[in-house]
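Engineer: Model the placement of chain U on the given structure of chain A, informed by the hints.
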Amino acid sequence: MSDLRELYQEVIFDHNRKPRNFRKLDPADRLAEGFNPLCGDQITVYVKFDQGVISDVSFEGSGCAISTASASLMTEALKGKTEAEARALFENFHSAVTNHGCAKCEDLGKLEVLAGVAEYPSRVKCATLAWHTFTAALDQKDQPVTTE
Amino acid sequence: MSQVNALQRPPHRFDAEKWRGDFPILRQQVNGRPLVYLDNAATSQKPQVVIDAESSYYSQTNSNIHRGVHRLSELATNQFEAARGKVRRFINAASDREIIFVRGTTEAINLVAQSYGAQNIKAGDEIVISTMEHHSNIVPWQLLCERTGAVLRVVPINDDGEFLFDEYRKLVNERTKFVAVVHVSNALGSINPVKKIIELAHRFGARVLVDGAQAVPHLAVDVQDLDCDFYAFSSHKIYGPTGIGVLYGKAALLNAMPPYQGGGDMIRQVTFEKSTYNELPYKFEAGTPNIAGVITLGAALDYVSAIGLDAIAAHEHELLEYATASAAEVPGMRLIGTARAKASILSFVLDGIHPHDTGTILDHQGVAIRTGHHCAMPLMARFKVPATARASFALYSTREDVDALFAGIAKVRQMFAK
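Those protein sequence lines, which keep their order, are chains A and U.
In this text, residue positions in the first sequence follow my numbering: the first is 95, and each later residue adds one.
In this text, residue positions in the second sequence follow my numbering: the first is 1312, and each later residue adds one.
Worth double-checking, as some hints may not be accurate.
Some chain A residues near chain U, calculated using beta-carbon distances under 10 Å [what the hints assert, rightly or not]: (1) F107; (2) R111; (3) C199.
Chain U is nowhere near these chain A residues, computed Cβ spacing over 12 Å in every case [stated by the list, open to error]: (4) N110; (5) K142; (6) N193; (7) G195; (8) G203; (9) R217; (10) L232.
Coverage of chain U stretches by chain A, computed from C-beta distances (three or more under 8 Å per stretch; other residues unrestricted) [what the hints assert, rightly or not]: (11) 1368-1378; (12) 1471-1477.
In case anyone wonders, no lab produced these hints; they're calculated from the structure.
Bear in mind the structure is a predicted one, so any value in this text is a computation, not a measurement.
Every residue, glycine too, gets a C-beta built ideally from N, C-alpha and C.
Next comes chain A alone, as it looks inside the complex (with noise of 0.2 Å):
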């Protein structure tokens, strides 16, 4: 088994302890909920676009360690980027969460830190709870997602 310090490194803890964007976004243009009933984490995922590029994105809701530092990576990330661009980085994110390997590590920058979740398979719904609500509001699904 891996070393507890590369599921959590330093930079989880401080993203779990200083969540960045980690506000509502009133008017977004696209929004939805997020649910994982297996640890009860819950999330908001809020966008914004300008020109056809995330022009802001944040989040709300509660959620483990993992899930809150992925959530609040993910905001980071994903401005500035395209929809486009954006489904393509989740599923470079989620290959290297769920141990496929990532096809352009160097791509996914900060990210990156959790590829430790691989490891713990009961762990990766955490780190991917976030995501999967992003592209459930970009999909515009009225049904809250849920990791099950």
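Structural biologist: Just chain U, lined up with the frame of chain A:
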């Protein structure tokens, strides 16, 4: 045992070390550390005698029951029915006919909700449960209410996680037709005053089911003394195999109830015009049952009886007190469930740390606990927490296990400290 040996009987702690040796799974290492298994409320580990009983059934006796005229079928039938007798003695039921084998507590409750419920619950009737029920003692009653138009009433609890008997007294009335209540809460450890609860329900003519999944492994249960109408528990929480459980019901009630499932073994005679049903308990045991599971459950009850539930309860209580005292020393640690009457469960939250993070970091140190909502989401809402971390004890748990838990918690707090 001679008189002298009895007097020199060592304290419980020594016994637990000895009992621990009966459980081969506990000898392994997890993540490079000796396994500290504190998830016993989810499922308990199995002693070698239980593992051997299952293996021996399949290597020597395996055969279908209640129908063959050959030797193996007779042997299997005898062992199966002997296990029914062991269960009957274990919970002091009046007759073997009152012991129905099912898949687990969940199926037992569903059987009663569907069979007894369909026959006896009508629109406007009231069904009473408590705030601390497991989802398996909530949802079957909600389904019954949806089907019949009955109303679900919920008895509140206090901040310690204690059943509020005075509130219950206010809720029960002549419309109350059924009360379903947990004996020992899986998320809090609270021991409910089920005897009093049953007595009051009976005064209004209501029937009572007790969910005993967490009680049977930790305290002696006497269904005749409780005077419960139904009692449900699972084998796998009392050192037996998964996939088998018990529904106890008073014979008069079971006799009057319609069958739960149709099939082989539950009939007396079948024609295309009409079928007549078998007598108790077979009326409720359609199809080939989990024969190995039943026989192995019998071995588990033999194991527990040889040690004695009083000795087990005393040992676990001492551990719980030790753990509770240790918890009081940890800054930011809050126990969820501080009832005066409590068994074997230490549910807690750490200030600013999500239980899932606690669980992962403890696992890294070989300490297995449960984190989450414990299939009791309304209870989590009552305590305004999304989840808790839960350590739960068994007869083989030791003070060293508790010390490892608290060393792990110190590590969690250290990692999360700024």
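Engineer: Each of the hints needs a verdict: does it hold here or not?
Structural biologist: Here is what the structure says about each hint:
no. : hint      : in the structure
1   : F107      : 7 Å, holds
2   : R111      : 7 Å, holds
3   : C199      : 24 Å, violated
4   : N110      : 8 Å, violated
5   : K142      : 28 Å, holds
6   : N193      : 16 Å, holds
7   : G195      : 22 Å, holds
8   : G203      : 24 Å, holds
9   : R217      : 6 Å, violated
10  : L232      : 26 Å, holds
11  : 1368-1378 : violated (count 0)
12  : 1471-1477 : violated (count 0)
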